[in-house]
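There are 2 protein chains.
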Amino acid sequence: MNTLTVALGDRSYPIHIGSRILADQQLLIPHIKGNQVLIVTNETVAPLYLEKAQSALGNFETETVILPDGEKYKTLEITRRIFTHLLEKHFNRTATLIALGGGVVGDITGFAAACYQRGVNFIQIPTTLLAQVDSSVGGKTGVNHPLGKNMIGAFHQPQCVITDIDTLNTLDNRQLNAGIAEIIKYGLIRDYEFFEWLEDNIEKLIQRDKDALIYAINRSCMNKAEVVAADEKESGQRALLNLGHTFGHAIETGTGYGTWLHGEAIASGMLMAADLSARHGWLSSHELARIKSILLRASLPTGTPAELSAQQFLDLMSVDKKVLAGKLRFVLLKAIGKSFVTEEFEQSHLEELLNETPGINSADLKIRND
Amino acid sequence: MNTLTVALGDRSYPIHIGSRILADQQLLIPHIKGNQVLIVTNETVAPLYLEKAQSALGNFETETVILPDGEKYKTLEITRRIFTHLLEKHFNRTATLIALGGGVVGDITGFAAACYQRGVNFIQIPTTLLAQVDSSVGGKTGVNHPLGKNMIGAFHQPQCVITDIDTLNTLDNRQLNAGIAEIIKYGLIRDYEFFEWLEDNIEKLIQRDKDALIYAINRSCMNKAEVVAADEKESGQRALLNLGHTFGHAIETGTGYGTWLHGEAIASGMLMAADLSARHGWLSSHELARIKSILLRASLPTGTPAELSAQQFLDLMSVDKKVLAGKLRFVLLKAIGKSFVTEEFEQSHLEELLNETPGINSADLKIRND
Numbered sequence: 001m002n003t004l005t006v007a008l009g010d011r012s013y014p015i016h017i018g019s020r021i022l023a024d025q026q027l028l029i030p031h032i033k034g035n036q037v038l039i040v041t042n043e044t045v046a047p048l049y050l051e052k053a054q055s056a057l058g059n060f061e062t063e064t065v066i067l068p069d070g071e072k073y074k075t076l077e078i079t080r081r082i083f084t085h086l087l088e089k090h091f092n093r094t095a096t097l098i099a100l101g102g103g104v105v106g107d108i109t110g111f112a113a114a115c116y117q118r119g120v121n122f123i124q125i126p127t128t129l130l131a132q133v134d135s136s137v138g139g140k141t142g143v144n145h146p147l148g149k150n151m152i153g154a155f156h157q158p159q160c161v162i163t164d165i166d167t168l169n170t171l172d173n174r175q176l177n178a179g180i181a182e183i184i185k186y187g188l189i190r191d192y193e194f195f196e197w198l199e200d201n202i203e204k205l206i207q208r209d210k211d212a213l214i215y216a217i218n219r220s221c222m223n224k225a226e227v228v229a230a231d232e233k234e235s236g237q238r239a240l241l242n243l244g245h246t247f248g249h250a251i252e253t254g255t256g257y258g259t260w261l262h263g264e265a266i267a268s269g270m271l272m273a274a275d276l277s278a279r280h281g282w283l284s285s286h287e288l289a290r291i292k293s294i295l296l297r298a299s300l301p302t303g304t305p306a307e308l309s310a311q312q313f314l315d316l317m318s319v320d321k322k323v324l325a326g327k328l329r330f331v332l333l334k335a336i337g338k339s340f341v342t343e344e345f346e347q348s349h350l351e352e353l354l355n356e357t358p359g360i361n362s363a364d365l366k367i368r369n370d
Numbered sequence: 001m002n003t004l005t006v007a008l009g010d011r012s013y014p015i016h017i018g019s020r021i022l023a024d025q026q027l028l029i030p031h032i033k034g035n036q037v038l039i040v041t042n043e044t045v046a047p048l049y050l051e052k053a054q055s056a057l058g059n060f061e062t063e064t065v066i067l068p069d070g071e072k073y074k075t076l077e078i079t080r081r082i083f084t085h086l087l088e089k090h091f092n093r094t095a096t097l098i099a100l101g102g103g104v105v106g107d108i109t110g111f112a113a114a115c116y117q118r119g120v121n122f123i124q125i126p127t128t129l130l131a132q133v134d135s136s137v138g139g140k141t142g143v144n145h146p147l148g149k150n151m152i153g154a155f156h157q158p159q160c161v162i163t164d165i166d167t168l169n170t171l172d173n174r175q176l177n178a179g180i181a182e183i184i185k186y187g188l189i190r191d192y193e194f195f196e197w198l199e200d201n202i203e204k205l206i207q208r209d210k211d212a213l214i215y216a217i218n219r220s221c222m223n224k225a226e227v228v229a230a231d232e233k234e235s236g237q238r239a240l241l242n243l244g245h246t247f248g249h250a251i252e253t254g255t256g257y258g259t260w261l262h263g264e265a266i267a268s269g270m271l272m273a274a275d276l277s278a279r280h281g282w283l284s285s286h287e288l289a290r291i292k293s294i295l296l297r298a299s300l301p302t303g304t305p306a307e308l309s310a311q312q313f314l315d316l317m318s319v320d321k322k323v324l325a326g327k328l329r330f331v332l333l334k335a336i337g338k339s340f341v342t343e344e345f346e347q348s349h350l351e352e353l354l355n356e357t358p359g360i361n362s363a364d365l366k367i368r369n370d
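Read top to bottom, the protein sequences are chains R and W. Under the numbering used here, the first residue of the first sequence carries the number 1, and numbering increases by one thereafter. Under the numbering used here, the first residue of the second sequence carries the number 1, and numbering increases by one thereafter.
There may be inaccurate statements among the hints.
To be verified - 20 Å max Cα-Cα, derived DMTMM-like pairs, lysine to aspartate or glutamate:
| id | chain 1 | residue 1 | chain 2 | residue 2 |
| --- | --- | --- | --- | --- |
| 1 | W | Lys-327 | R | Asp-315 |
| 2 | R | Lys-33 | W | Glu-234 |
| 3 | R | Lys-292 | R | Asp-200 |
| 4 | R | Lys-72 | W | Glu-63 |
| 5 | W | Lys-89 | W | Asp-69 |
| 6 | W | Lys-89 | R | Asp-69 |
| 7 | W | Lys-33 | R | Glu-77 |
| 8 | R | Lys-327 | W | Asp-231 |
| 9 | R | Lys-327 | W | Glu-88 |
| 10 | W | Lys-72 | R | Asp-10 |
| 11 | R | Lys-89 | W | Asp-10 |
| 12 | W | Lys-33 | R | Asp-200 |
| 13 | R | Lys-233 | W | Glu-61 |
| 14 | W | Lys-327 | R | Glu-61 |
| 15 | R | Lys-33 | W | Asp-10 |
| 16 | W | Lys-233 | R | Asp-10 |
Stated by the list, open to error - So these bits of chain W aren't anywhere near chain R, every CB distance computed over 12 Å:
| id | residue |
| --- | --- |
| 17 | Leu-86 |
| 18 | Ile-165 |
| 19 | Glu-234 |
| 20 | Leu-296 |
No lab work stands behind these hints: they were computed from the structure. Source: prediction; values computed, not measured. Idealized CB from N, CA, C, for every residue including glycine.
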């Protein structure tokens, strides 16, 4: 088992990464303050891992909320269900929430924990690759609004993150590949050596080789932990983690949450960011080709939803959180491993990009992973 | 004009208390970061003060949300309306929200600011006495759930508080007296000298004497600012500010939000806490009589809702945030000006108290202030 620390002063916490650690009492119990524990999971994860998680909590007053599965349920209304359950069971300020599931479960549960009685503890047990390398680390919690993704939320750090790679055995290929998109992101924004490692080893990840998965998750979390420790609330370099997200969120909002997986939208968005960088002469065409190639090897989309026009895309991006004072901002690339945030780009290059990126039928996303 | 500071490191902020300062650009504008400002107010306050507030914001992109008036609208659903308005107008992370109104407007607006895009700035312009001496200071924000008051919320400090006592001219007597209840609270929990001042001057407050109001608001805010600076997130002494609140929240929840004003419920709750203290021999009967007397002079209720049985009261209190690990906790009095938090009380004394406190018909609350 590997253990990393997210260094945030009195809010520091460990990330444990290993095999068969989901029900490890020694990892879990030191982080539970009171006697009341609520496990939040979803209808896909519950039959697989709920009993195991509960078995580690024998002596606590344990309740469970099982949410429907999918990004479209990451709403204020669903969060309200969690509040209602907590209140019906008289859960108090010493309660601990456990998020057992993917990014949606983690984001909602973290947000519920941030707001319940103005803040209670929570623990992340991510069961998808995407959640393990991204959303479970760093304290960003929240829900979507019909007008924009993650628009309602809070910074609320977990007490610990327990990443059991065995949970990836039950993940379908499409979800696994969506997680690989976020792993590639770390290589692109700040870790060229890791990108090279991925070029050499991506098939091992796709084949779920345990050692390769542990290495890639650990290195991804190290990158994320460093960024978060330096800039918890995204006033500076943390914004680099949003590579591909301005495009990606537009895709997710424009196609309806859940049609494209988050990682798929981010893959497409990262390639668009790379392409926009290349159109400005900031990134070489060779590097752009390497990025496209690795995404294709992971069966990730390299086009945009056919149903979204360039104008719709622009409109959707204009409500993104990263739009400051009415100006679009992008994370772009100077090289693989070197990213920067800018508002200074040519509108004509952006429009050409949106017009020239090939369209993908959203229904094909599922097929390509079969 | 008096200016106090709530000392919270890089989250410190000023409280300005004075006459004709509502539209003072020099107080307001330094605290607005970007160009987008949303004023949140309600249908009672808007016709009185909205135009004045807008006049101070001539050069900003200013939007307004006007909420229905009343505690029963302090909900997640109403907060969602604010998010929708912000998103429709493409408000970004540099936006500033201004709460123009009483405690309900302040609590909702602060919570919306805490959650919108994971946190934007907000400014409090409290227009009721209760909000001026209590809820606008200290960063507690939130909304009610049908199962409990303030159960969903966040700690989110404002950028500044602008308290214009001229807004009290339009406040009805009942609202004014409800605010006086919270002023009396500071005397009871930690400021005996202030309690004595109130015994000498309460009629001046009721008659809205400007100097008396400024003195009482300033002294109340000084007390609150000291407590909040020492214990922002209520891990210790901040709990003393909850004198009367365990009883009071039960009254508010049990009678339906808004039937009793918050200050009325707190007045009743403070007297119950004092009575419970006296039943344990911790407070003298003479001091109990002084407390009852000053509440009566401010036309505040000294009984409980006739419709709530002792058992209903106990059930309602058991969901209060201040119930730790299933145990009821009360703020009680050792003397006027000396309070403490305890779980160690005699259940028989509590039950006697609940059975023996006289019942009040909620409909009479309005009449007594006419």
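*Hint consistency between R/Lys-89 and W/Asp-10 [alpha-carbon to alpha-carbon, up to 20 Å]*: Outside the cut-off at roughly 38 Å; violated.
*Has the given pair, R/Lys-33 with W/Glu-234, been kept, meaning a C-alpha gap of at most 20 Å?*
Since the Cα atoms of R/Lys-33 and W/Glu-234 sit roughly 16 Å apart, the hinted pair holds (cutoff 20 Å).
*Given the hint that W/Lys-89 pairs with R/Asp-69, test it: the Cα-Cα distance must not exceed 20 Å.*
violated, 31 Å
*With a cut-off of 20 Å on the C-alpha distance, tell me whether W/Lys-89 and W/Asp-69 pass.*
violated, 24 Å
*If you draw a straight line from the CA of R/Lys-233 to the CA of W/Glu-61, is it 20 Å or shorter?*
With Cα atoms ~25 Å apart, R/Lys-233 and W/Glu-61 exceed 20 Å; violated.
_20 Å Cα cutoff - pair R/Lys-327, W/Asp-231_ = Outside the cut-off at roughly 40 Å; violated.
*asked:* Given the hinted pair W/Lys-327 and R/Asp-315, is their Cα-Cα distance within 20 Å?
replied: violated, 53 Å
*Beyond 12 Å from each Cβ of chain R, as asserted for W/Leu-86*: violated, 8 Å
*Under the criterion that the straight-line Cα-Cα distance not exceed 20 Å, is the pair R/Lys-292, R/Asp-200 satisfied?*
holds, 15 Å
*Examine each Cβ of chain R, and state whether all of them lie more than 12 Å from the Cβ of W/Ile-165.*
Label holds. Min Cβ-Cβ 29 Å, cutoff 12 Å.
_Check whether the Cα positions of R/Lys-327 and W/Glu-88 lie no farther apart than 20 Å._
Between R/Lys-327 and W/Glu-88 the Cα gap is close to 16 Å, so the pair holds against 20 Å.
*Please confirm whether W/Glu-234 is truly not at the interface, meaning its C-beta sits more than 12 Å away from all C-beta atoms of chain R.*
violated, 8 Å
Checked against the numbered hints given earlier, the structure breaks hints 1, 4, 5, 6, 7, 8, 10, 11, 12, 13, 15, 17 and 19 and satisfies all the rest.
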